[in-house]
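S.K.: As you go down the protein sequences, you meet chains C and X in turn.
Quick note: the first sequence, position 14, residue 14 per this note's numbering, numbers continuous.
Take the position in the second sequence, starting the count at 1, then add 109; the result is the number in this note's numbering.
These aren't lab readings, by the way, just hints derived from the structure by calculation.
C-beta atoms are modelled at their ideal positions from N, C-alpha and C, and glycine is treated no differently.
It cannot be assumed that every hint is accurate.
[Claimed, not checked] The calculated lysine-lysine pairs, modelled on DSS-like cross-linking and capped at a C-alpha distance of 30 Å, are:
1) C:Lys69 / C:Lys52
2) C:Lys69 / X:Lys129
3) C:Lys96 / C:Lys69
4) X:Lys150 / X:Lys175
5) C:Lys96 / X:Lys164
6) C:Lys96 / X:Lys150
7) X:Lys129 / X:Lys164
8) X:Lys123 / C:Lys3
[To be verified] Distance ranges between label pairs, derived from CB positions:
9) C:Thr79 / X:Ser124: 39 to 45 Å
10) C:Gln42 / X:Asp136: 34 to 40 Å
11) C:Ile63 / X:Lys175: 31 to 37 Å
12) X:Lys150 / C:Pro21: 34 to 40 Å
13) X:Ser192 / C:Pro21: 21 to 27 Å
14) X:His194 / C:Lys52: 22 to 28 Å
15) C:Ile63 / X:Pro149: 31 to 37 Å
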Amino acid sequence: DAKTTQPPSMDCAEGRAANLPCNHSTISGNEYVYWYRQIHSQGPQYIIHGLKNNETNEMASLIITEDRKSSTLILPHATLRDTAVYYCIVRWGTDKLIFGTGTRLQVFP
Amino acid sequence: GAVVSQHPSRVICKSGTSVKIECRSLDFQATTMFWYRQFPKQSLMLMATSNEGSKATYEQGVEKDKFLINHASLTLSTLTVTSAHPEDSSFYICSARDPAGGPNTGELFFGEGSRLTVL
């Protein structure tokens, strides 16, 4: 079973920051937080992952709370092409990825 | 970045026939690949873990005799849906991990998916 909870859907205006929350209150000390997204009818795309420090790459930033029980994925300037389902997944090492229901992000003009 | 390719991207078959879907890692060797299935408006469901040179590990509730997985080389895994029926119609997605990423940076790369329609 997925060990994360995400809102089913969110809207964001184009050009604005999209902040997608994820609750993972039962995360264990050696589990990482991964974010993937899936654009309609395509395979999932890796976005970012982290353990306890905040992370940033060319796609997004990941903010993990100090107790590690929740995190937020930030897309700093959302575009229409960021419309997708975003999945937050906790995972240990190279274990298999178990997807939850994700958040459907709709970016509007 | 690493690329995983699936073929075919779409396939339509008659009920009772078997269909093979290929998953290839194009620029890295993958000892482990994963197969997922996704029904419309639902999330991805892990079906099995494909291990090079050994038997696949199936998730609970997935029939191993119906979904045959072969991982004969470090760059190729195949999923064969045997005696397909309309309820097997789905989006099948494979993924692979680039072991060069290290033990705790196990970014999984996903294929483009294969849409199976059984008439």
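S.K.: List, from low to high, the hint numbers that the structure doesn't satisfy.
M.R.: Of the numbered hints, 2, 8, 10, 11, 12, 13 and 14 do not hold.
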